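**Q** Listed here are the chains, written in short residue letters.
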Amino acid sequence: MTRYGLLIDYEFCTGCHTCEMACKQENDFGVGKTGIKVNEIGPMQTGPDKWALDYVPVPTDLCDLCSKRVSEGKKPSCVMHCQAGVMKYAPVNELVKFMELKAKTVIFAPR
Amino acid sequence: MRKTDTHPGEWRWEEDGVTITRTIAWSGPGCHSQCGLLVYSKDNRVLKVEGDPATPYSEGRLCLRCLALPKVVHHPDRLTRPLKRVGQRGEGKWEQITWDEAYGLIIEKTRKIQAQYGPESIAVMMGTGRNIWHIGAKLAYTGFGTPNVCMLFSGLSCYAPRLRVMPITQGFFCVADCSQMFPDRFDNPAWKVPECVLVWGNNPLVSNPDSFMGWWLVECMKRGSKLIVVDPRRTWLATKAETWLQIRPGTDAALALAMINVIIEEGLYDKEFVEKWTFGFDKLRERARQYTPDKVEKITWIPKEKIIEAARFYANSKPAAIQWGVGFEQANSGISSILALQALWGITGNLDVPGGNIINKPTTFREIPPPLWGRQELSSELKKKRIGGKEYPLVPMAQPDILIDAMLTGKPYPIKMAWIQSSNPIACMGADSKKTLQALEAMDFVVVADLFMTPTAMAAADLILPVSSALERDAIRAECYETAWWGPIRTVNKVVQVGECKSDEEIILELGKRLNPEGFPWKNVEEMLDFLLQATGKSFKELREQGAPRYFPFEYRKYEKGLLRADGKPGFETENGKFLLSVPYFEKIGLDGLPYFDEPPESPFSTPELAKEYPLVLTTGARHWGLFSSEQRQIPELREIHPNPITEIHPETAEKYGIKDGDWIWIENMRGKCKQIAKVTASIDKRVVHAQHGWWFPEKPGPAPSLFGVFESNINLLVPYGQQGPSGYCAPYRCGICRIRKVQEE
Ligand code: SF4
Ligand code: SF4
Ligand code: SF4
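Going down the list, the protein sequences come from chains H and D. This note's numbering applies: residue 259 is where the first sequence begins, and numbers increase by one. This note's numbering applies: residue 10 is where the second sequence begins, and numbers increase by one.
Simulated from the structure, these hints should not be mistaken for laboratory data. Check before you lean on any hint, since a few could be wrong.
[Unchecked claim] Below, simulated EDC-like cross-link-like pairs (lysine to aspartate or glutamate); rule was C-alpha separation at most 16 Å, straight line: (1) D/LYS688 <-> H/GLU298; (2) H/LYS332 <-> D/GLU68; (3) D/LYS249 <-> H/ASP312; (4) D/LYS231 <-> H/ASP267; (5) D/LYS51 <-> D/GLU68.
Note that the coordinates shown come from a computational prediction; the quantities given were computed from them, not determined experimentally.
Based on the provided sequences and hints, a complete structural model is requested.
**A** Have a look at this one:
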């Protein structure tokens with residue numbers, strides 16, 4: 259079986275929480291549960307006049323990669339609605355090709 | 010292929026027994042944007058909301074607030090019937106009545122107040138981000154016959170100043186060009202990626218302000234745009250910027266003037282454009298000379314090297330765009346900041362060029378309908394009576410600081426009735442929140458129309474009208490802000506009915522017909538919308554049938570082509586045909602025609618004695634991801650992200666006051682105090698704190714004195730009325746002073 263994953267270009271993830279809400283709506287998770295959670299890293303001084311502030315969403319055990327939507331030919335809800343357009347859903351081996359070209363990326367294969 | 014991709018030419022279809030409606034969230038809850046929605050519904054229930062891939066404005070993306078819309082629409086706390094107060098004001102005792110009874114009560118009170126005090130004693134107040142502005146004005150002017158319509162908002166300090174100034178100085182509104190005028194967006198060959206975007210006074214990723222989507226900027230960054238960010242807080246954008254200018258709140262005009270100074274004195278301006286198309290360059294040059302980087306470093310707390318670097322980088326980038334926001338308008342020098350920022354794109358020739366600041370004038374018509382619809386129907390005698398009209402000729406609405414005093418003192422004449430639609434001024438927008446409430450309490454009759462029971466409705470209303478959300482109404486997104494809050498003209502399409510709620514359009518038309526039948530000749534809302542759409546050549550139904558929005562052709566460099574002026578000549582639709590760097594009309598009405606800097610009325614420099622007691626600069630009002638102004642506090646999924654109000658404090662400052670991250674703290678000054686949770690972060694200057702705005706707690710008791718805890722964490726308790734700039738616009742919401750201390754267990 260081909261393994262699918264989520265690639266996140268965290269150079270441009272703005273931490274907007276849209277992926278969390280998209281997932282909650284799709285799965286009716288309500289408060290306290292989510293298939294993906296945004297993490298804030300920083301602000302941290304990395305040079306004399308340079309600061310880093312990054313956001314990286316991480317899928318949880320509740321993420322099923324939107325299997326129902328995907329079987330209907332739709333994108334996962336988080337990928338579709340992502341405000342900054344930084345999420346991709348594809349087979350992991352295809353995502354790796356993108357990762358070779360682009361720094362500050364991460365691939366999650368939740369299942 | 011996504012199923013939803015297959016219906017761009019439809020506005021409604023069925024899939025597996027579920028109805029899908031194409032619409033936009035315009036509006037309630039509020040938002041300035043117009044992302045495309047596909048709403049899934051069945052049996053009068055909204056099942057879910059998804060992005061509409063066929064809307065180029067949003068390309069299928071949605072922010073968390075629209076994704077939470079079903080929770081808003083079907084929330085158990087929605088107002089669903091008109092409510093008449095039966096106990097004392099604020100007691101929370103209501104009786105459900107019918108719409109006919111509600112209209113009857115309004116007519117009875119209106120007639121009585123009109124007869125006794127004149128129609129001008131009725132004030133109509135509205136909020137922002139709702140589709141109410143054109144029809145609210147119509148209700149005031151044509152319905153009640155009063156000249157007094159406004160936002161209850163010191164200095165009308167949000168976008169209204171820019172919307173007033175831009176038509177005077179350049180004829181039309183202007184916006185940073187992120188390809189939004191083209192349906193094929195970033196791929197359009199006529200568009201250019203801005204080499205530099207100067208982001209000033211807003212964090213567009215969070216606020217999506219004035220119908221500009223923050224993510225458009227991220228798409229530009231992916232394509233190579235570099236940023237200059239002017240913001241007191243080190244935001245995500247600030248960390249990505251080439252240059253971040255950490256400005257002392259309220260000093261934007263000085264910074265902009267220093268940048269103009271550097272650009273002119275170093276010869277970095279566009280000489281040809283300046284000569285051919287602008288007016289007042291020499292005067293501006295002379296004024297800007299007073300603002301040397303040395304001097305402005307002391308005013309703004311920004312190192313002069315950075316000011317010079319930013320000025321050079323902006324001027325040398327071709328094209329360069331400015332994405333501006335409300336931050337600099339919420340300062341007494343706001344009008345000057347507007348003039349100076351416009352001058353930046355004016356002297357560098359970045360006006361109406363691809364990737365610059367573009368003039369979004371529609372090709373075939375001006376605004377739909379004209380701003381302040383119905384004003385021309387007022388008698389000249391009533392027009393003259395507008396509150397603040399004598400003091401502030403630049404302000405076309407009632408001037409709110411003077412209105413507040415009139416409500417409390419009866420001078421220059423009594424104000425007796427308040428009509429508040431889609432606004433919650435004691436929680437947000439209104440300055441000095443307790444004074445705002447006192448002014449409302451002084452009214453003989455107060456009507457509040459909204460989606461939920463707000464603190465304002467609970468505290469002051471005699472009658473509450475339940476308003477439909479965006480998914481419960483037929484409307485248009487065209488309006489007077491078609492060019493100001495740009496987006497393609499389209500319809501808002503009703504999906505479900507909740508209780509007996511009515512849209513703002515329905516309420517105003519039905520009431521208007523009762524107040525003044527000739528002034529509201531339309532049988533129903535659809536007929537009224539058809540009337541408004543006349544200039545487009547399309548009816549409401551025809552526009553709706555188009556499905557996905559259609560775009561009009563867009564042209565750059567319209568001033569060269571004679572596409573801006575009514576007479577078809579090249580140039581600008583201004584008093585002398587030029588882009589105004591200095592404004593003769595301002596001089597005529599007793600204002601400075603050039604930008605200048607005025608110190609905030611309360612600051613370490615203007616009130617050094619007070620500042621000993623209140624040593625920190627207080628800035629407020631940055632937006633929340635999941636909350637618009639005072640809204641959405643009752644949506645659990647959004648409160649999970651924003652459980653409590655936050656004040657940002659620098660680690661050294663926190664240590665000095667014995668405050669730890671997560672502590673509840675008091676923020677206080679001469680006017681009042683409120684408590685918020687400390688977030689200790691190096692992202693803010695040691696001398697500045699930033700406190701969130703709009704906070705109340707629907708989970709707390711409603712009846713007075715609690716009023717849903719609206720006076721516990723409300724930062725506007727510390728914000729003054731009466732310190733607006735000399736034009737009547739722009740008040741110091743974002744540049745006050747305060748002290749902080751830990752909340753002790755009592
Ligand atoms: S792929 Fe689907 S289930 Fe997984 S995080 Fe995204 S929205 Fe949630
Ligand atoms: S929706 Fe996209 S940009 Fe927003 S937090 Fe999630 S991954 Fe980041
Ligand atoms: S910005 Fe967010 S709330 Fe506003 S219309 Fe777009 S998705 Fe909806």
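**Q** What are the numbers of the hints that this structure violates, sorted from low to high?
**A** 5
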